[in-house]
Amino acid sequence: MTTQTRKLMKGNEALCHAAIDAGCLCFFGYPITPQNQVPEYLSALMPKHGRVFVQAESEVAAINMVYGAAATGVRAMTSSSSPGISLKQEGISYIAGAELPCVIINVQRGGPGLGNIAPAQSDYFQATRGGGHGDYRTLVLAPASVQEMYDLTRDAFDLADKYRNPVMVMADAILGQMMEPIAITRPPLPLPEPHAWGTRGTRKGCRTLVNSLYIMPSELEAVNQRMQEKYARMGREDTRWEETATEGADVVLVAYGSAARVCRTTMDILAAEGVKVGLFRPITLYPYPSDALRRVGEQTKLLFTVELSAGQMVEDVRLALEGRCPIGFYGRMGGVVPTPEEVADAVRAKLAGV
Amino acid sequence: MTTTLCTDEQVFGRSAGLTEARMHYCPGCTHGLIHRLVAETLEELDVLDRTVGVCPVGCAVFAYDYFNIDMIQASHGRAPAVATGAKRAVPDAVVFTYQGDGDLASIGMAEIVHAAARGEKITVVFINNSLYGMTGGQMAPTTLVGQATTTSPLGRDPGLAGYPIRVSELLATLDGAVYITRQAVGSPKAVQATKRALRTAFQVQLDGKGFSLVEILSSCPTWWGQSPREALTWTETGMAAQYPLGVVKDTTGSGTE
Ligand SMILES: Cc1ncc(C[n+]2csc(CCOP(=O)(O)OP(=O)(O)O)c2C)c(N)n1
Ligand code: SF4
Numbered sequence: 001m002t003t004q005t006r007k008l009m010k011g012n013e014a015l016c017h018a019a020i021d022a023g024c025l026c027f028f029g030y031p032i033t034p035q036n037q038v039p040e041y042l043s044a045l046m047p048k049h050g051r052v053f054v055q056a057e058s059e060v061a062a063i064n065m066v067y068g069a070a071a072t073g074v075r076a077m078t079s080s081s082s083p084g085i086s087l088k089q090e091g092i093s094y095i096a097g098a099e100l101p102c103v104i105i106n107v108q109r110g111g112p113g114l115g116n117i118a119p120a121q122s123d124y125f126q127a128t129r130g131g132g133h134g135d136y137r138t139l140v141l142a143p144a145s146v147q148e149m150y151d152l153t154r155d156a157f158d159l160a161d162k163y164r165n166p167v168m169v170m171a172d173a174i175l176g177q178m179m180e181p182i183a184i185t186r187p188p189l190p191l192p193e194p195h196a197w198g199t200r201g202t203r204k205g206c207r208t209l210v211n212s213l214y215i216m217p218s219e220l221e222a223v224n225q226r227m228q229e230k231y232a233r234m235g236r237e238d239t240r241w242e243e244t245a246t247e248g249a250d251v252v253l254v255a256y257g258s259a260a261r262v263c264r265t266t267m268d269i270l271a272a273e274g275v276k277v278g279l280f281r282p283i284t285l286y287p288y289p290s291d292a293l294r295r296v297g298e299q300t301k302l303l304f305t306v307e308l309s310a311g312q313m314v315e316d317v318r319l320a321l322e323g324r325c326p327i328g329f330y331g332r333m334g335g336v337v338p339t340p341e342e343v344a345d346a347v348r349a350k351l352a353g354v
Numbered sequence: 355m356t357t358t359l360c361t362d363e364q365v366f367g368r369s370a371g372l373t374e375a376r377m378h379y380c381p382g383c384t385h386g387l388i389h390r391l392v393a394e395t396l397e398e399l400d401v402l403d404r405t406v407g408v409c410p411v412g413c414a415v416f417a418y419d420y421f422n423i424d425m426i427q428a429s430h431g432r433a434p435a436v437a438t439g440a441k442r443a444v445p446d447a448v449v450f451t452y453q454g455d456g457d458l459a460s461i462g463m464a465e466i467v468h469a470a471a472r473g474e475k476i477t478v479v480f481i482n483n484s485l486y487g488m489t490g491g492q493m494a495p496t497t498l499v500g501q502a503t504t505t506s507p508l509g510r511d512p513g514l515a516g517y518p519i520r521v522s523e524l525l526a527t528l529d530g531a532v533y534i535t536r537q538a539v540g541s542p543k544a545v546q547a548t549k550r551a552l553r554t555a556f557q558v559q560l561d562g563k564g565f566s567l568v569e570i571l572s573s574c575p576t577w578w579g580q581s582p583r584e585a586l587t588w589t590e591t592g593m594a595a596q597y598p599l600g601v602v603k604d605t606t607g608s609g610t611e
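If you read the protein sequences in the order shown, they are chains Z and L.
Going letter by letter, the first sequence gives residues 1 to 354 in this note's numbering.
Going letter by letter, the second sequence gives residues 355 to 611 in this note's numbering.
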């Protein structure tokens with residue numbers, strides 16, 4: 001018997017509890033809708049647990065505070081929404097370049113520009129292609145429920161430490177704002193011992209440098225090569241996805257996060273009409289579950305990608321399949337969330353032509 | 355009577371706070387001298403083993419090779435935010451930033467103002483050489499009216515490019531700033547005063563009193579087009595006329611210099 005307790009909470013609140021339970025010592029944030037609950041909750045929670053909360057003067061400052069805290073070998077996090085994540089990009093590149101662990105939350109909203117505060121998935125390119133300058137990658141986790149807002153944020157800290165790399169949790173306005181019951185089964189971690197490599201003062205004559213500057217191109221290339229090996233290892237060891245009824249399906253919907261939630265109802269609609277329909281849900285957006293998706297695609301008539309964007313993840317779907325299977329796409333932009341029926345219509349139309 | 359003079363007795367040496375690395379600064383540049391003063395101060399305060407330095411983007415970017423302590427290299431202008439993160443994570447550490455005037459007073463103005471306003475218990479060593487050294491002598495917010503730089507070739511024209519910012523006076527208006535002083539290193543006397551100021555600034559941090567900053571008028575003979583000697587003199591004449599030397603703010607209550 002588990003003694004798990006179920007609690008009703010917002011996605012934004014769940015990830016705050018995950019940060020506390022993961023032993024996150026420092027949080028640095030800045031207000032922006034729809035992630036405001038995160039700095040609000042943590043401004044109370046962190047001091048209550050003897051941790052650090054600072055409301056930074058900007059997202060730029062917040063990510064650089066994360067850089068400074070992470071350099072000392074402790075767990076650190078920041079959160080924001082799309083425009084704020086854009087501002088953080090130089091800092092994320094530095095953190096990746098210096099190979100420090102940290103967790104970055106993006107509760108995405110509509111764009112470009114100031115856009116709006118409605119749910120969107122239009123920061124996919126930014127999150128998975130680097131976003132900032134240089135040949136770096138962030139490991140990107142995509143929750144699709146409040147439960148996963150908790151679970152994946154907790155995992156994000158472990159993965160960040162495992163790879164000494166920034167890990168991004170890609171949520172959106174729906175996941176941040178909606179309430180669902182969650183079960184917290186893992187006991188909270190005590191504050192981890194700071195990493196031995198942290199800049200906390202010299203030890204036995206050894207000093208630590210946190211740096212991403214390598215003037216010699218050959219040296220910087222070697223650093224990059226080592227980082228590329230790390231990214232390849234992420235792909236081998238930590239690629240995650242979920243498959244629902246993909247076995248023997250004629251059409252498999254491919255969607256992550258809130259779009260995958262819409263697709264679950266679309267599946268019910270189509271299944272009721274006798275369509276054999278499955279769902280492939282990437283949980284890591286980087287590394288992308290290309291191999292698993294290729295296996296699924298090779299055995300189905302149609303892969304149909306659904307996104308809250310003009311079509312960003314669909315590029316990874318095409319790259320994974322390399323023409324082996326027809327690929328359909330339906331996307332809505334600007335914070336519009338399609339109804340399951342609208343998605344079903346789009347699937348039916350595409351199926352008719354396959 | 356005979357007197358034995360021990361010629362092998364070392365009377366002066368490199369501070370333990372500096373590595374053996376050869377500095378890359380131009381001849382006559384006072385970045386190196388200021389490094390030495392900072393290192394000696396940390397050594398004298400006996401805090402080298404618990405100090406974390408944050409170096410900037412600018413000519414001092416390689417300071418992580420020169421200070422014999424834990425160092426973090428920050429992105430352009432963000433050193434005060436990086437230092438905030440480090441200090442909050444390790445409150446027992448002595449944390450300082452070392453920043454140029456382009457870094458601190460232009461791109462990093464928000465970070466320095468807010469670190470001071472929050473009263474972050476960090477020490478800032480602010481190198482004012484009135485231009486961007488590393489990128490080729492361009493105009494900085496601190497460039498004097500009329501001063502020629504590579505982006506104000508006819509001299510800084512206030513009608514086009516505004517007026518120099520007096521950073522120390524600006525930050526002194528903030529309650530979180532406890533000790534702010536402007537010093538120079540153009541003469542032995544000035545060097546001694548700067549050393550004392552650095553000691554006070556770090557002591558403010560050790561006492562947990564709040565934010566401290568030492569602005570130092572520093573030479574850039576390369577981009578000023580001056581000889582090293584002329585450049586040293588200019589810091590205490592031309593520059594000091596715009597940027598008066600001395601304590602700008604001291605609320606430590608200990609009547610420091
Ligand atoms: C985001 C960003 N913008 C611009 C630069 C280019 N850059 C490097 S050093 C520097 C100026 C540094 O000048 P200052 O802070 O006055 O220091 P000094 O070199 O004079 O010591 C600039 C603009 C950069 N590295 N990063
Ligand atoms: S360019 Fe100027 S500031 Fe930079 S090292 Fe040379 S003299 Fe010093």
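Think of the hints as simulated: they come from the structure by calculation, not from any bench.
One should not assume that every hint holds.
[Said to hold, decoys possible] List of simulated lysine-lysine pairs, DSS-like, C-alpha gap at most 30 Å:
#, chain 1, residue 1, chain 2, residue 2
1, L, LYS563, Z, LYS48
2, L, LYS563, L, LYS543
3, Z, LYS162, Z, LYS204
4, Z, LYS204, L, LYS603
We went through each hint and held it up to the structure:
no.	hint	verdict
1	L:LYS563 x Z:LYS48	holds (24 Å)
2	L:LYS563 x L:LYS543	holds (28 Å)
3	Z:LYS162 x Z:LYS204	holds (26 Å)
4	Z:LYS204 x L:LYS603	violated (38 Å)
Of the numbered hints listed earlier, the single one contradicted by the structure is hint 4.
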